[in-house]
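If you're matching them up, the sequences are chains A and L in order. Mapping of the first sequence onto my numbering: position 91 corresponds to residue 91, and the numbering continues sequentially without gaps. Mapping of the second sequence onto my numbering: position 365 corresponds to residue 365, and the numbering continues sequentially without gaps.
The set of hints was computed from the structure by calculation and includes no laboratory data. Incorrect hints may have been included.
[As the list claims (entries may be wrong)] Covered stretches of chain L (chain A as the covering partner; in silico rule of three or more C-beta atoms under 8 Å from a C-beta of chain A): (1) 198 to 208; (2) 416 to 426; (3) 434 to 442.
[Claimed, not checked] Distance ranges between label pairs, derived from CB positions: (4) A:S82 <-> L:N328: 55 to 65 Å; (5) L:S80 <-> A:Q96: 53 to 63 Å; (6) L:N365 <-> A:E20: 50 to 60 Å; (7) A:S82 <-> L:F408: 50 to 60 Å; (8) A:S132 <-> L:V94: 22 to 32 Å; (9) L:R391 <-> A:D98: 42 to 52 Å; (10) L:E172 <-> A:L39: 47 to 57 Å; (11) A:A119 <-> L:R72: 50 to 60 Å; (12) L:R72 <-> A:Q96: 43 to 53 Å; (13) A:S82 <-> L:Q205: 28 to 38 Å.
[Unchecked claim] To give an idea of the chain A side of the interface with chain L (calculated C-beta under 10 Å), a few residues: (14) F46; (15) V48; (16) T49; (17) G50; (18) F133; (19) Q136; (20) F149; (21) S209; (22) K291.
We put the beta carbon where it would ideally sit given N, CA and C, even for glycine.
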Amino acid sequence: MAEADATGKLPFDLPDVDYEQYTNRQLIVVPLVVLVIALAVIGAFFAVTGSPVRPGLAFTGGTELQLTAADSAAAIESTFQSEGFDVESVQPIRTQSDGYIVTFQSTDTDGIQQAAEGAGYDVDSIQGRSASFGAQSQSQALLGVGVAFAGMAVLVFALFRTFVPSIAVVVSAFSDIVIPLALMNVFGMELTLGTVAALLMLIGYSVDSDLLLNNHILRRSGGFYESTYRAMRTGVTMTLTSIAAMTVMSVVAFLLGIPLLPAVGTVLVFGLVADLMNTYLMNVTLLRYYKYEGVAK
Amino acid sequence: MNLSPRENWRIYLLLVLLLVSTVAVFVPLGGADTDDSQTNLEYGLELSGGTRVRAPLVGMTAEVELEGASARDIESSVASQLNRSRTDVQVREVRDGQDTVELFANEANGNITQADFAAALQTSGLDATTDDVRPGVTEATRQTAVNVLDSKINSVGLSGGTVSTTRTPTGETFILVEVPNANRSEVLRLITSRGQVELVAHFPQQGGNETTYRNVGLLTQEDFANQNFQAAQAEGNQPARVPVSLRQDPAQNFSDAMQSFGFTDEGIGSCGYRPESGEDPDTYPGYCLYTVRDGEVVYGASMSPGLARTIRSGDFVKDPAFVITANNFSEAQQLAIDLQAGALPTTLDIEGQGTTYFLEPSLANEFKLFSLITALVAVFAVAGMVFLRYREPGVAAPMVLTAGAEVFLLLGFASAVGLALDLSHIAGFIAVIGTGVDDLIIIADEILQSGEVNTSRVFESRFRKAFWVIGAAAATTIIAMSPLAVLSLGDLQGFAIITIVGVLLGVLVTRPAYGDILRTLVLDDV
């Protein structure tokens, strides 16, 4: 069992971080700048479109059609256009020759299905959501994320009962959700039910490594840097393992053409990477401030 | 190797549960296991293909006190003021409870506001204001709708279809219809119409020097004796039809009406109405027995000389055999389904507030295989990382096996409770592997950290320390997921339930068992 005990090495031969070389201000500025940029991206998107992130079919209503046709994407679009249906997007499916996913804002799912069948296309899958159902789902999803976040915050404060360590966890989790949201805007990803699930999952993953760090620093004997180093050794392994699993899942599911899973995986990867930064730059710094200055006062 | 059950009870508990899961997943449990799969796992629409429709029932409900007023009078008064059919109003008198009046229309479907409805109730002598009217229908109506939809789906042989209700936290209730292997238009055709079948007598009446025509509704679904309704093909001069038999009282009423309206004398054989001609059935000259479906005349039948004779002689009341006629065989089949299943109390608002989903079964089967591959690859990725980190098969292999066992226990849980697996559940499985391995890494690092573990006591203390973080993290995950488990966001409910159950199984069973496995290995090393 000697290997795992080898001191002075982070897992996966990562270089050691010498926190003592940097001031609190130097350390915390990176995650704060990233958080501000992320908020700015979301704010700008909100100013332009009226919503913080582009809502998908599940939240706006509309029709999504998966079909098999010998036509080109442009021909499919003009087929529906001539039937009076405005096509929002036509995406070829990678794994399926002649397969396309076509989306419409129209909720006349019946008419669209008839138009597709009339043109000789094979309808593999079709789903329609009315606009009011979509709007309702959106408010429920927001409510869900809000309640989950509030619940997490209350639990964290109950666990630590001190302000700085608790707020460190909560702010870090907040940033872990905001950064992927901004990245979704940057990469043009839509908010779907799958990505909402991923954002909620991030609350759980994010708190995992933060709790570990707080626990090691506050509840264990040993110096600050030694405790941090131990927590990092475990936490970085955890997060990197999760990133590896989610990256692989996203890529494989995308290549195999499975819906839902690639978006879930991608958002989790965004959030987990953000979590590495937030936990080991922001959270550590807040804890160091608390240990050396906050308590000393 | 220490194998004493007293110290390793966590490992034994895991083994027992794995055995139970194996039984739940693989052992055929008698009954109707008709599909050709080798497991007891059930798959949802996203992994088996089929159609799902989710929509609310159209209507609004007024909570009122009837105070002895006749339900029948209120129904016809409200219906006539709002210019609706009487079947669109339903009065329910509840003993020791809240009486209700339902109207099966609303602003989007029928252009009637809650204020209109309240005004009509007041004019009908009930003390009702707009505040007493709420959108939606009563539980009793929903139950009827679920039963009717269920028997409609079963009557056309769509096996495995389910109808249920789901409730949103905002208090709205949706009807959920799921039919595997059926395409969307097939299901919609079956469930969008109410399927009210009525037999209406249409006949001329002399008033002064003018001839007017009257329509009198004579028979509805409830007037037919319960039986197995079967459509019959047209033959000779007989049109396509559904043979039925009348109950005693309706048969007497029908017989009396036919004679007093003149059907059995001058009215014999005098109906030539054809719906496809486009003529107005209300002014069509002649004596007709209209078959009316959802307010539309689908066929006009003449009184036959034979039936007229049995009515006059009184034999008809003794043996009230009758036929509901239709234009062609497929219409007759539709009528038979309507008679068998009964009428829906109100329509489903699919276009306005509903969702529909259809997935081609062959595509769904691909998803099933592909998501298994995806999950396996994800497990290999985890295994690779863990081996890279510990470079010690004794630590890493049990870790991967334990995470796998967690998923297997979850599959057992899904089989045991009959949870139909969908893509969202697969995402949940992968999330569970993720958090599971995280926790196992915490346990391993805590126990293997600096200093030899040479007694059980040291081990126990380290294990308990590791468990504080694991328990706290599990509690947060459960809290984060619980809104999704209650909100009716469709797909996400499955994801949340699997994640919560997975975390619970992990914290209570598999992760402690991994701790015991590690102890056995560590203490052996010493």
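Outcome of the hint check:
For the segment 198 to 208 of chain L, the stated coverage by chain A is violated: 0 residues have a C-beta nearer than 8 Å to a C-beta of that chain, whereas at least 3 were required. Only when three residues or more bring their CB closer than 8 Å to a CB of chain A does the claim for the segment 416 to 426 of chain L stand; here the count is 3, and the claim holds. Note: the segment 434 to 442 of chain L has 6 residues with beta-carbon separation from chain A under 8 Å; the three-residue rule is met and the coverage holds. Restraint check, S82 (chain A) to N328 (chain L): a C-beta distance of roughly 33 Å breaks the suggested window 55 to 65 Å.
In this structure the hint that S80 (chain L) and Q96 (chain A) lie 53 to 63 Å apart at CB holds, the actual value being about 57 Å. For N365 (chain L) paired with E20 (chain A), a C-beta distance near 58 Å keeps the hint of 50 to 60 Å intact. Judged by the Cβ atoms, the range 50 to 60 Å given for S82 (chain A) and F408 (chain L) holds: they are separated by roughly 53 Å. For S132 (chain A) and V94 (chain L), the hinted distance range of 22 to 32 Å is satisfied, since their beta carbons lie about 31 Å from each other.
Evaluation of the 42 to 52 Å hint for R391 (chain L) and D98 (chain A) yields a pass: the beta carbon distance comes to about 48 Å. The beta-carbon spacing between E172 (chain L) and L39 (chain A), approximately 34 Å, falls outside the hinted interval of 47 to 57 Å. As the Cβ distance of A119 (chain A) to R72 (chain L) is approximately 52 Å, the hint placing it in 50 to 60 Å holds. Between R72 (chain L) and Q96 (chain A) the beta carbons are some 59 Å apart, a value that contradicts the proposed interval 43 to 53 Å.
At roughly 53 Å, the beta carbons of S82 (chain A) and Q205 (chain L) sit outside the given window of 28 to 38 Å. Taking 10 Å as the C-beta contact cut-off toward chain L, the hint placing F46 (chain A) at the interface is violated, the least distance being around 22 Å. For V48 (chain A), the interface hint is violated, since its Cβ never comes within 10 Å of a Cβ in chain L; the closest pair sits about 27 Å apart. The beta carbon of T49 (chain A) is not positioned within 10 Å of any beta carbon in chain L (closest approach about 22 Å), and the interface hint is therefore violated.
Checking G50 (chain A) against chain L: minimum C-beta separation of about 22 Å lies over 10 Å; hint violated. Proximity of F133 (chain A) to chain L holds as hinted, the smallest CB-CB distance being about 5 Å (cut-off 10 Å). Checking Q136 (chain A) against chain L by beta carbon gives a least distance of about 7 Å; that is within 10 Å, so the hint holds. With its C-beta approaching chain L no nearer than about 8 Å, F149 (chain A) sits inside the 10 Å limit, and its interface hint holds.
Evaluation of the S209 (chain A) hint against chain L yields a held restraint, the C-beta minimum of about 8 Å falling below 10 Å. Hint on K291 (chain A) is violated. Least Cβ distance to chain L is approximately 19 Å, over the 10 Å limit.
Hint check: violations occur at hints 1, 4, 10, 12, 13, 14, 15, 16, 17 and 22; the rest are consistent with the structure.
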